[in-house]
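Quick note, the sequences are listed as chains Z and S, same order. Take the position in the first sequence, starting the count at 1, then add 2; the result is the number in our numbering. Take the position in the second sequence, starting the count at 1, then add 5; the result is the number in our numbering.
Be aware that a few hints might be false.
To be verified - Here are a few chain S residues that sit away from chain Z, every Cβ distance over 12 Å (derived from the structure):
# : residue
1 : V227
2 : G228
3 : G238
4 : N240
Claimed, not checked - Below are the DSSO-like pairs computed for lysine-lysine, each with C-alpha atoms no more than 30 Å apart in a straight line:
# : chain 1 : residue 1 : chain 2 : residue 2
5 : Z       : K327      : S       : K141
6 : Z       : K310      : S       : K175
7 : Z       : K375      : S       : K141
8 : Z       : K321      : S       : K243
9 : Z       : K271      : S       : K111
Said to hold, decoys possible - Quick list of the computed label-pair ranges, beta carbon to beta carbon:
#  : chain 1 : residue 1 : chain 2 : residue 2 : range
10 : Z       : R329      : S       : V142      : 56 to 62 Å
11 : S       : V142      : Z       : T223      : 34 to 40 Å
12 : Z       : E107      : S       : L206      : 30 to 36 Å
Think of the hints as simulated: they come from the structure by calculation, not from any bench. All of these numbers come straight from a predicted model, not from anything done at the bench. We put the CB at the ideal spot given by N, CA and C, even for glycine.
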Amino acid sequence: MEYVIEMRNIRKEFPGIVANDNVTLQVKKGEIHALLGENGAGKSTLMNVLFGLYQPEQGEIYVKGKPISITDPNVANRLGIGMVHQHFMLVENFTVTENIILGKEITTGGRVDLKKAAKEVKALSDRYGLSVDPNAKIENISVGMQQRVEILKTLYRGAEILIFDEPTAVLTPQEIHELMEIMKKLVAEGKSIILITHKLKEIMEACDRCTVIRRGRGIGTVDVAETNPDKLAAMMVGREVNFKVDKTKASPKQTVLKIEGLVVEDARKVPAVDGLNLEIKAGEILGIAGVDGNGQTELLEAITGLRKAVKGTVELNGKNITNHKPRRVTEAGLGHIPQDRHKHGLVLDFSIGTNMVLQTYYQQPYSKHKILKFPAIYDKANQLIKEFDVRTPSEHTLARALSGGNQQKAIIAREVDRSPDFLIAAQPTRGLDVGAIEFIHSKLIQERDKGKAVLLLSFELDEVMNVSDRIAVIYEGKIVAIVDPKETTEQELGLLMAGGKKQKAGDRSESR
Amino acid sequence: MNLVKGRLFHILVPVVSVLLGLLIGGIIMLVSNYNPVSAYAALIDGIFGNGYNLGETIRAASPLILSGLAVAFAFRTGLFNIGVEGQLLVGWLASVYVGIHFDLPKVIHLPFAILAGAAAGALWGVIPGILKAKFKVHEVITTIMMNYIALYATNGIIRAYMLAPGERTKDIKESASLASPWLQQITEFSRLHYGIVVAILAAVIMWFILWKTTTGYELRAVGFNQHASQYAGINVSKNIVLAMAISGAFAGAAGTMEGLGTYQYMTINNAFTGVGFDGIAVSLLGANGSVGIIIAALLFGGLKIGSLTMQSAAGVPTELVGIVIALIIFFVASSYLIRWLTNRFTKGGKI
């Protein structure tokens, strides 16, 4: 059997790190081949080698059986290798057609023939069932559509082998489903696909075979039909992974956070949180379920002091903290794992060590009389790096250089270490792999068992249902129901999140 | 290992830039029928050749160090202070005013005059800072505008209240002067003054504030990521204003180098002195670091002073040194090019 792509025993080193070590990847014609590995395992490095962005130190690459040296992306393009990047490379205020032909314009008499190009794009789109409007502007189409434009771009350049770099990270469940259909259609038409991912569900759903990389090393290739998610996860992480969250029954105690009649306006001065009431007790995890845009962000910003509340009160440990400055709220006993770790959680251009004291740098022992005490700062950083298994070359490494999972671990380490009575975890596992997710869930439960109150905001229903002790459903800025995760179903939650009424009688929401 | 490589690269870029700038400057001389060898020999002689030249080089470098620090400090906190020139002018005037109108013992009068200059510069920097923090007005625009206001305001004030014969103010009192007969004497009577001590002290202060204090931590955090700073409870607006104040203070102190050191008075300026704008180049070449800025300022000061000898001894116009300086800046700014060149070089060496 001849492979369209064969990468044999690839080794790629960076100063101080072996990113790929003896990795072999063999892709058959007409298959969807998954490349599975944790964040930072070396998937992207391997693909960048294939795409000609990096030169391997060892190993050979064969395309359609011929040994080839891919010195730069142009060579890869000529060989029919196309990449659909995770972060789209599109010109926002150009049309779909203009974006697709960029660099390969059809000209008649020196002028770009947009009509002809649009026709070609349309034909290509129809052939693979992409239903893209060639004349729409990029800024006006959805993220899912933009991704299809990226796919069209590679097809337009004659790609036979398409690399998808974590394509589902930015998509809604519906769009993910559609993408899977598109990928199946592409291989049916004779294309070959490499899908970079760490989501096992997608592999089971769409892929034919799967190659696993762990910490830069090739672990092996398996037929998807002959494996299951547990086995794949074990290959990826190197040990058995527990998908069910282990936890004992919660034993809630006194109320830690109490919100009454909270009204918060969004940037357009429309009430995003509209008379919200909520209580969270010590020793429980309260999950907030809701469709994005129902006031979750504004609620968290109001609690943490990042946004002013118009009306209502927020009490922490019986103390009114409504509209207090972020630092006073933090000092009153709040730990906050923010939704956007790059924007709010870290100063990416600071070292990981200095990021560890972002909330405490002004306190002893990290500073005295406004002079920073670096030995104390780095001692603390090293202790947290060890304790929370943050994988970093050293405490002096820039936060920017760490993988998403390790950045998140660093934030959690910083927030949990201060031992706050109330911990907000907003989408704590977004974009992370199973190993990191497991770790973070266990940390949240550990905090709960220490008697802390935890507020979990997540858009992954699985996560909310598995980790929470109580689930509060938010809809249009109000808590519309509080349910017990053991007694509810995804269907019921979905209905409540869409504004439907609770079906079962009784007002559990008031009884706790 | 990465760190070492990064640091090495930081040093490599300016060094290679300077060499390339001199090399291409030499080619331009050749094309223009000048002898680059004798020109550069004269230039080096003009910088180090005798005590006078060396003294003048250090004197010219002193305000450049301070204006470089001003630009670098703002840059490290995420701001572009293009208003160093204006802050320098108001600092110059304030220090001269204090130097003329107060009668104090030297130990008080001199520090007071320097601090007055720094305070005036700080004030001139705070105005754009507040506009930025409160109204999100971009500091590049406001600081440029503030330069013109400073130029014409200082001229107006001198003309209206402080005019002495010769389109300038009176001389400052001796008790406020940075001038040093001793330094003049050992440098064959150049205009070298104690300003260099002030400038080096300021470089140490900048390093200390930025890297050793909680204030510096906050300033840098705000410079890199305002959202994360706010989340961590840092007052973003306060830090923007503070950053501009400190930056302006360095610029104001640069003005005192001229007022209390080199000239002992202030002239009515027909145009900008250029020292403030040169600070941008110094800061860029010095990679925004204290040590780098001192070295870069000495280099630029040397090139400027040395070019005078180059003109008189080798007959090469001083403008050519201006071209060399511009080339150096060009190469530092396009450090990508140097990165590419060194990568090719090291790659070639390996294979």
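Hints versus structure:
{"no.": "1", "hint": "V227", "result": "violated (9 Å)"}
{"no.": "2", "hint": "G228", "result": "violated (9 Å)"}
{"no.": "3", "hint": "G238", "result": "violated (3 Å)"}
{"no.": "4", "hint": "N240", "result": "violated (8 Å)"}
{"no.": "5", "hint": "Z:K327 - S:K141", "result": "holds (21 Å)"}
{"no.": "6", "hint": "Z:K310 - S:K175", "result": "violated (56 Å)"}
{"no.": "7", "hint": "Z:K375 - S:K141", "result": "violated (34 Å)"}
{"no.": "8", "hint": "Z:K321 - S:K243", "result": "holds (27 Å)"}
{"no.": "9", "hint": "Z:K271 - S:K111", "result": "violated (60 Å)"}
{"no.": "10", "hint": "Z:R329 - S:V142: 56 to 62 Å", "result": "violated (27 Å)"}
{"no.": "11", "hint": "S:V142 - Z:T223: 34 to 40 Å", "result": "violated (59 Å)"}
{"no.": "12", "hint": "Z:E107 - S:L206: 30 to 36 Å", "result": "violated (60 Å)"}
Checked against the numbered hints above, the structure breaks hints 1, 2, 3, 4, 6, 7, 9, 10, 11, 12 and satisfies the rest.
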